[in-house]
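Peer 1: Following the hints, put chain B in place on chain A, whose structure we already have.
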Amino acid sequence: MLKWIQQPWPWYVAGPLIGLLVPVLLLIGNKSLGISSSLRHICAACLPAGIPFFKYNWKKEAWNLFFVAGVMGGGYLAATFLSHSNPVIVNEKLLKELQGYGITNHDSLVPTDLFNWPALLTLKGLILMVAGGFLVGFGTRYAGGCTSGHSIMGMSNLQLSSLIATTCFMAGGFIMANLILPLILQL
Amino acid sequence: MNQPIIETNTDFETRSLDAVCVNSSELSHPWWFNLKYLAAGILFGIILTKAEVISWFRIQEMFRLQSFHMFGVIGSAVAVGALSVFLIKKFNIKTIYGEEVDLPERPFNKGQIIGGLVFGFGWAMTGACPGPLFAQIGTGATVVIITLVSAIAGTWVYGLLRDKLPH
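First to last, the protein sequences are chains A and B. Quick note, the first sequence lines up with residues 1 to 187 if you use our numbering. Quick note, the second sequence lines up with residues 188 to 354 if you use our numbering.
Chain A with its partners taken away, still in its complex shape (with noise of 0.2 Å):
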């Protein structure tokens, strides 16, 4: 049992499981699913500046900043306790097209190759940390959703709007990593 769990999940296994935060969530406490609002929740708290968008009462969302946090500790547990240290299998077309970049260690699930402390230094991971990041948060609020609160949440309660936003999430992913992404890893 202990060993099957230490494999990666099928999609089938973890998928359902996902899916079924959702009603837990709303019948638990009537909340929606989401993480990405966590990040405003913690402006509101620590740098409101007077900005209009986080005058809120933001422990009304406290429940959303206990969610992420588990969020956290989950990540913590399952590569704690629940993990094995084989590599992680990558398709072998996208490993030959990293080994051209010297991407090579794929132990971790983060790529040490790229995301790692002194990496902070250069250009490159300037660009995908740093960058990367802001993009994340910028845009998952522009569009009012990330892949829990639009793609699982919004469309498991069938809004068009998450539709559009899931579809757009996709296209920019697939613009980056075909067209511009192999420029930055480059450098």
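Here chain A is said to cover these stretches of chain B; the calculated rule only asks that three of the stretch's residues, wherever they fall, bring their Cβ under 8 Å from a Cβ of chain A:
1) 202-210
2) 226-235
3) 248-257
4) 287-293
5) 306-320
Read the hints as simulated data drawn from the structure, not as lab findings. Heads up, the beta-carbon is just placed ideally off N, CA and C, and yes, glycines get one too.
Peer 2: Same frame as chain A, now just chain B:
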């Protein structure tokens, strides 16, 4: 007498601006009731990590159509979520506190297109949407704290410029 009610409603309107995930409950509970969401978050974090949704490699495979995995995860999650929402509506299932379940309607605006594309760029660069950012830090990839802080900064700048952006 009316003053507090008006204030509460305005507050909810601001809170639910540009957001899917809101607290629709009108009940107020002591803080430790939130531990339920901590537990739900832990489960979410474990699933995201074990299914490798937080893996930069899996995200690259998805955007290069080299693997079905991510499409399978999102697709089956939506299928189960949609069936659940359908059943909650059909049988008018109440929360454990007896409240009516509130499902936010989100009208279309241009933000979903422009913001969606911008987020898509960031997703392919960092290999993480907001949930996985938190989970990646938990797995010990401490440098992702910088990516998270930068994402918070991005949200803050959006708040600052919101009125000037097309919607």
